[in-house]
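J.: Here's the letter readout for the chains.
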Amino acid sequence: MHEIPLQYILIVSTLMFFIGVWGFIVRKNLITILMAIELILNSVNINFLAINRFLYPHHLEGHFFGLFVVAIAAAEASVAIAIIINIYRRFTTINVENVSEMKH
Amino acid sequence: MDLSQFFIMRHEVLLLAVIILILLMEIFVGKANRKAIIPVSIGLFLLSTLAGFLPAESGQLFGDMYRTNGLIVSMKNILNIGVLIVMLLSAEWLRKEENLDKVSEYYLIMLSTLVGMFYMISSGDFLMFYLGLELASIPMAALAAYDKFRNSSAEAGIKFIFSSALSSGVLLYGLSMIYASTGSIYFTEVAAHMGEQPLQVLGFIFFLAGMGFKISLVPFHFWTADVYEGAPISVTSYLSVISKGAAIFIFSIVLFSVFPMLEPLWQELLYVLAILTMTLANLFAVRQNNIKRFLAFSSIAQAGFILLGIMGGPHLGLTTVVYFILVYVFTNLGAFGVAISISDKTGKENINDYNGLYKTNPMLSLTMMLALFSLAGIPPVAGFFGKFFLFTSAASKGYYILVLIAVLNATISLYYYLRVVKAMFIEKSDHPIAPFRSSLSTRMALALCVAGTFAVGFISWIYEYLYDMTYLLFIF
Amino acid sequence: MDFLYTIWIPLIPFLLFLLIGLTGMYFKPIVSGIVGTVGLGVITLLSFITAYQYFFVDGMVDGVYQKIVAGSYTWLAFTDTLHIDMGVMLDPIAVMMLLVVSIVSFMVHIYSLGYMKGEKGFSRFYAFLSLFTFSMLGLVVATNIFQMYIFWELVGVSSFLLIGFYYDKPSAVAASKKAFIVTRFADFGFLVGLLLLSYITGTFDFKTLTSPEGIETIRGAGLTFMGASAVTWAMLLIFMGGAGKSAMFPLHIWLPDAMEGPTPVSALIHAATMVVAGVYLVARLFPVFIMVTPESLNVIAYIGGFTSLFAAVIACTQFDIKRVLAFSTLSQIGYMMLALGVSGYGEHGLGFTASMFHLSTHAMFKALLFLGAGAIIHAVHSNYMYEMGGLRKYLPITHLTFLIACLTIAGVPPLSGFWSKDEILAAAWHHDKLLFFIEFAVAGLTAFYMFRLYFSVFWGKETHYHHTPHESPLTMTIPLMLLAVASIFAGFIPFGEFVSSDGIPHHGEIHMNIAVPSVAIGLLGILVALLMYRRETTVPDRIAKALGGFYRTVYHKFYIDEVYLFVTKKIIFNLISRPVAWFDRHLVDGTMNKVAWVVEFSSYRTRQLQSGQLQHYAVFFVAGVLVLVLTFAYFLF
Amino acid sequence: MSILNLFVIVPVLTVFAILFTKDFKGARVVSAIGMGIQLLLAAYLIFAYLDLRAIGITDEMVFTQDILWFPMLNIHYAIGVDGIAVSMIALTAIVVFAGVFASWEVDNLAREFFISLILLATGVFGFFISLDLFTMFLFYEIAVIPMYLLIGIWGSGPKEYSAMKLTLMLMGGSALLLVGLLGLYFYSAPDGGPLTFNILEIAKVHIPVEMQRLFFPFLFVGFGVLGALFPFHTWSPDGHASAPTAVSMLHAGVLMKLGGYGCFRVAMFLLPEAANEMAWIFIILTTISVVYGAFGAIWQKDLKYINAYSSVSHCGLVLFALLMMNETAMDGAILQMISHGLMTALFFALIGMIYGRTHTRMIDQMGGLMKVIPFLSVVYVIAGLASLGLPGLSGFVAEMTIFVGAFQHPDIFHRAATIIAISSIVITAVYILRVVGILLLGPVKNTDYNLLTDARWYERLSTITLLVAIAGIGMFPFWLSDTIMNSLGPIVSRLLAVV
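Chains as they are written, first to last, in the working numbering: chain H, 1 to 104; chain U, 1 to 476; chain D, 1 to 637; chain Y, 1 to 499.
Pulled out of the complex, with its shape left as it was, chain H reads as follows (with noise of 0.2 angstroms):
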């Protein structure tokens, strides 16, 4: 049976990683941005399995990273979408570009 190489899947997380990134700075809408930083978790989970699988089969490291960062991620956005909602109460937006009283 043909294994997908591990090349491919690297690739398809580092464009994940970068379409992450690229999401966080372009989009203006908070929980679009929150879904940029699950995108960028995401792509980081990808590489852990992967390689984990690919190169060092023997132990579970990255499997059980993986599934520390999924928790950890679903943390990070209970707080976030939290802290969204006030904004929202607060400003009435949830627009990225709004929320920057403080500068200089």
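Derived from the structure by calculation, the hints contain no laboratory data. Computed from a predicted model, the values in this text were never measured in an experiment. For glycine and all other residues, C-beta sits at the position ideal for the given N, C-alpha and C. Hints are not guaranteed to be accurate.
To be verified - Straight line, CA to CA, 20 angstroms or less: simulated PhoX-like cross-link-like pairs of lysine-lysine:
#1 D/Lys-28 - D/Lys-117
#2 D/Lys-545 - D/Lys-557
#3 U/Lys-348 - U/Lys-397
#4 D/Lys-120 - D/Lys-28
#5 U/Lys-397 - U/Lys-345
#6 U/Lys-359 - U/Lys-428
#7 U/Lys-345 - U/Lys-96
#8 H/Lys-28 - H/Lys-103
#9 U/Lys-359 - Y/Lys-22
#10 U/Lys-96 - U/Lys-348
#11 U/Lys-96 - U/Lys-148
#12 D/Lys-569 - Y/Lys-301
#13 U/Lys-348 - U/Lys-428
#14 D/Lys-570 - Y/Lys-301
#15 U/Lys-348 - H/Lys-103
#16 U/Lys-102 - U/Lys-31
#17 D/Lys-169 - Y/Lys-371
#18 U/Lys-397 - U/Lys-359
#19 D/Lys-169 - Y/Lys-445
#20 U/Lys-359 - U/Lys-345
#21 Y/Lys-371 - D/Lys-120
Claimed, not checked - Far from chain H, some chain U residues (derived; all Cβ distances over 10 angstroms):
#22 Ile-81
#23 Gly-183
#24 Pro-260
#25 Arg-443
Assemble the complex: chain H is given as a structure, and chains U, D and Y must be docked to it using the hints.
T.: Structure of chains U, D and Y alone, referenced to chain H:
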């Protein structure tokens, strides 16, 4: 592995106990007695702090995921002292009506970030490190956004958590590269397999950027000022001292224990980052008017100076950094303490508002002046010793030019510290801050800071003790 | 018997100065005056004793007058060989000067009791006089060139203090300032010169310097600079100091202005003693001059000769009697300098002896002239000749003594001036004819302007006075009479027996071939003056008109003052100091301020980076990572 | 325990005592007592020192004490003095004592004023007794910082600007200094022994020449900034002009001497080869300082500016003489430090007193003060005469020693520079007499001045203390010069050994 081995996690265990007790209080204490939570929490934390000073032993747990030794214990103790001061300082603010019903949340969140930092410092692999890091960061966002009814607080929270998430993403990405190239996430094994392969170096740079965010090095620092300004001032003090201190601790530990092979590389990188950080932060700071923002940039600049210390190597450098953080805890919290006290009483947070403060509140002004002089590195206060050792540390590797730039930056920093001194002592004001008497807890905290600021410099065995401890770092 | 007691000669006036200066204000003013005068009397007595002992008892060994160091202690040590000693050294010229200084000073002390009576600051005046006397005596007995320099400075300051005695008078203040700064400028030369000399010889000590071995060391030094040997430069620079103090052209400008001081001061400092310090300095180092750099002596001779002529010409046009006397002093000091310049050594040392001789006689008659002038001013309250006239009736004693003094300076035999001037002319004749003719002319001019002064004041038309002039009190006239006696008889001292360039007595003689013409020209000068000023005539005015521009130039002292003013005000003040101040404020300090400005400005610009936009921060973050990666990649590949 | 400790302990105790006083009267009396004790201690120290030397003790430093402070970095609290340090301590004690009396009338925040003043003095005393570069630097910085408050709070004119400028420039100087000190430290044990900050220890080793070349400019300029080295002197005029009387006195009188002292004790002594090699650069700069400062002073109208520029000139002479590298010139440099310290302190005291009466420092607005305030005026004249080098006062001794020493240098360049420097005595005379003439002499310019009162007892005490010292050194310079000269031996021989 028997149960007694858990005692080498004494700091974390005690802290968790305190957290659980506070949680219980939250459940069982009625509305009328909520004020009592404050002293009890502080008391409990004081106990755990004191217990932290009991003799400690080196060791590791969970298959080397967790490790501890004399130096790490000292670091935790330093953080404990800092948190104790922050708790004392924030008591007055928490006692306010609008904060009373979320008092225990404040403590809970803050102490859980502390637990995160402890695990982070004690981590023996990147997983534990990452867990600790996130445990220290995510609740921090909640703390920053603690003041629900203030726009800036919410803004601070969102800026913090998003920036933090981005930086963790970058850091993790770097870790995945390191994992790919070394096949392990354990510090010892990673260190053993570390070479100068491009992938490893790339991973290291990503890792460095992630840590740079935590320590707020230029150009990863932009969140700092906004978050510091927006967050409640007690939280700001916590952020600027404790969480930065913890990040620097683990950063230096990781540099020395995981990436010694890359030392020539990271020396170069730190060289550049240090110059950038000091210089730009100083330039940012020169014209700030908000005291929190001002202290934010000042703390960024201090981070730049600390990099000089790290460059001095695993013994001299590490000792110096830990020592400096100790000094910094007393010093910066002293400065924040005064700002907190004034902010609590009057709501004023601008440097202009401090005009003529000495006439009305001499003790506060003197404390502030001492703290600022210490930050600027003026003798006889501890900051002088801290800075001097930082410079010594960098010079020990022959970085004289870097030291020169750093000292010149220290001179610039003196300029803006003196601006505050000038406001308090020299400027006249038509509406100076009225004389007031701070609460007992604030005064205790400030007294602690002042005492620390004076004592740490002159008592040389602290430095010696830390130096001896650095030799334990690599023995588990 | 030793000379240890002579250290009291300078020490007493110093103690007097401290005593009067610190406690004078607690007593009646006259107490200070009397204390000072008595002290000076003691010093004069001691000087006479010293002179007697030196010249007739102990001074001569093997037919040569020795340099005797009476006492000396190390005041400040620079190196093993270079150290400033404070001490007393006696040799013929020192002893002679001791006498001159103490006598004139004593006379002036007495005179001032009357002249300064009732002045505010009477005791201050006596304190300063004591200070001056101390300094001058210390200068005279100096054992080494540095001690001389120290006292040299001190006399400068005393002179400054005394010229500016009337400190609320702006002209006096300006004059004192001018005197100090001009002499200070000259002292700069003196100091550099003495440093150079000490660098070459490794010693300050006069005795070593002028001993044959010392001369040999100096000769051995082969350094040259701009065509002249270092020694020549050193000696010329030292002479520059002397020229400043002795008001030689072109450093003479301060002396006429110095007449702003009280008249006794002019008599003491600016006629008899301090201004001859330059001559004394050259005489002190005479062996070095003559043995090592005779060419610099030529310079000295010409400067002296020119000054004497130059000053004599100006003196003919001045109306302020003190200024006439001041220019006359310049002229006479020029004589002395010239005499030193034309002198040889040992057998041929006539000029040296003559110079010292003239120094002593000049001190007597010039002090007399000034004190007489003081008496006149005291009587008529004016300095200007055209406000005087016919005073001989009112001031008989003054008139008589003044006449004696005028005759003396005019060189009429057998008064003392004749003898000394004769020797000078003789020395000049042997050395350089040009100089002789200059001096010859000056002799005539001297007689003319002195009698111009004399006739205008005591004869001529009687001016209308506010109140009838009356003769001065005894305290003033007694010194006049004593000095007149001295002026008459001092010439009979066989000076060459005592003072000579090498310490060996030489016989002096009258040079009839020179004496006769010089007396003749003197008498001619007197005659011309008699014709022009005996009665009120229009001759002087007509002559002045006929000379036109030349007269005005002379009257304005050849505009030298204006040149100086231009140099100081325009060049130093406006062209150096002002730009320096500007440069300092705007460029040096401006650079420092600019640094601060740059920091502020870049701070302002940097702050703009902090836009408040979360996503901008992210851009910086990512860009930071990328830059680090790219840098790394660049270095790697 | 060494007696020297007292020089730090007494001021610190005085500061604590002032904390317990109730008003300005108490504060000033306590300060006066404290500084009086300090003065007596200094006098005792002189005699004790001379006694030690008289019984034949030839150690380079005496009264030494050495406490290990930071063992790991081998930092010590090491103290000790030689003749030079003793003289500087005596100078400091005199100036501070006079300074306390000159600020007798400070009533705005008097306690704070005296505390800052005495803290400043503590720093200076500590600096002079230190043998360890770390403690030396520590005390140096302690001495610099109170200046900011002293000028900023109690100053006049554009005080905040001046205070900031002064502090920043001096701290900038100390930045250079710090780099140099660290350099010394890390090359203090080329053979692998423990590194040290101890001056005497470092003096025993040979630091590589290329490193000396690197660090010498840092150290020399670092100290030179405080010593008003051209072109880093511009803090001085503004700072002095704005500072209150006692602060100007202390600053010009003592603090600027730290610069000169450091230059030879640290920069030149420890880096002799570089000192010899690079001297010419600094000789040019200091020669400029000397002449330039004097010319700068001629044009000024503000008394304090005049004195500040004059200080630039005189302090330039100190550095100039040090660079001549021979015993006599360096002896002269130390003498000049002491002499200038006393003179300029006296000047500033007098300026403060005159300003307190006339409320102006512009000379063209005053005139004829001799008539109305004779005591102050006479003292001013004497100070002026001392400044222009009148024999019998300290300035002459110092300058002549410098000139004689400098002129003994075999190099024509040095002698030429000396001649240029000597020319400053003429310029000095010009500006001193200009001031004396305009300010004190002549008719009284303002009729209001007829009501002025002459010096009060404390003002007399303050000025006479300084005056006695000036005249004392001027008339009997031998023992002082000799003491200094004896202590210079090791320094000069080290400097000359490498030529």
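J.: Does each hint fit the structure? Answer for all of them.
T.: These are the hints, each one checked on the structure:
With a C-alpha separation of about 12 angstroms, the suggested pairing of D/Lys-28 with D/Lys-117 holds against the 20 angstroms cut-off. Taking the CA atoms of D/Lys-545 and D/Lys-557, the gap is about 17 angstroms. The hint holds against a cut of 20 angstroms. As the CA atoms of U/Lys-348 and U/Lys-397 are separated by approximately 45 angstroms, the hinted pair breaks the 20 angstroms bound. The hinted pair formed by D/Lys-120 and D/Lys-28 meets the criterion: a straight-line CA distance of about 12 angstroms does not exceed 20 angstroms.
For the proposed pair U/Lys-397 and U/Lys-345, the alpha carbon gap of about 48 angstroms is over 20 angstroms, so the pair is violated. Between U/Lys-359 and U/Lys-428, the direct Cα distance comes to roughly 9 angstroms. Compliance with the 20 angstroms bound is thereby established for this hinted pair. For the given pair, U/Lys-345 sits about 11 angstroms from U/Lys-96 by alpha-carbon distance, which is consistent with the 20 angstroms threshold. Distance hint between H/Lys-28 and H/Lys-103 is fulfilled; the C-alpha atoms sit about 18 angstroms from each other, no more than 20 angstroms.
For the suggested pair U/Lys-359 and Y/Lys-22, the alpha carbons sit about 16 angstroms apart, so the restraint of at most 20 angstroms is met. For the hint linking U/Lys-96 to U/Lys-348, the alpha-carbon distance of about 16 angstroms falls within 20 angstroms, and the restraint holds. Of the pairs offered as hints, the one joining U/Lys-96 and U/Lys-148 holds, with about 14 angstroms between alpha carbons and a cut-off of 20 angstroms not exceeded. Pair hint D/Lys-569 plus Y/Lys-301 holds up; C-alpha atoms about 16 angstroms apart against a cutoff of 20 angstroms.
The hinted pair formed by U/Lys-348 and U/Lys-428 meets the criterion: a straight-line CA distance of about 17 angstroms does not exceed 20 angstroms. A C-alpha spacing of about 18 angstroms is found between D/Lys-570 and Y/Lys-301, which places the hinted pair at or below 20 angstroms, so the restraint holds. The hinted pair formed by U/Lys-348 and H/Lys-103 meets the criterion: a straight-line CA distance of about 19 angstroms does not exceed 20 angstroms. Under the criterion of a C-alpha separation no larger than 20 angstroms, the hint pairing U/Lys-102 with U/Lys-31 is consistent with the structure, at around 11 angstroms.
About 12 angstroms separates the Cα atoms of D/Lys-169 and Y/Lys-371, which keeps this hinted pair within 20 angstroms; it holds. At most 20 angstroms may separate the alpha-carbon atoms for a hinted pair to count; U/Lys-397 and U/Lys-359 exceed this at roughly 47 angstroms. Between the alpha carbons of D/Lys-169 and Y/Lys-445 the distance comes to roughly 12 angstroms, so the proposed pair stays at or under 20 angstroms and holds. Restraint check for U/Lys-359 and U/Lys-345: the C-alpha separation of about 17 angstroms stays at or below 20 angstroms, so the hint holds.
Between Y/Lys-371 and D/Lys-120 the CA atoms are separated by roughly 11 angstroms; this keeps the pair inside 20 angstroms, and the hint holds. Against chain H, the non-interface label of U/Ile-81 holds: every CB pair exceeds 10 angstroms, the least being about 28 angstroms. Once the 10 angstroms rule is applied to beta carbons, U/Gly-183 is inconsistent with being away from chain H; the minimum gap is 4 angstroms. With a closest Cβ-Cβ approach of about 22 angstroms to chain H, U/Pro-260 is found to remain outside the 10 angstroms limit, as its non-interface label requires.
The beta carbon of U/Arg-443 sits about 31 angstroms from the closest Cβ of chain H, which is more than 10 angstroms, so the claim that it is off the interface holds.
The structure fails hints 3, 5, 18, 23 (numbered hints given earlier, in ascending order).
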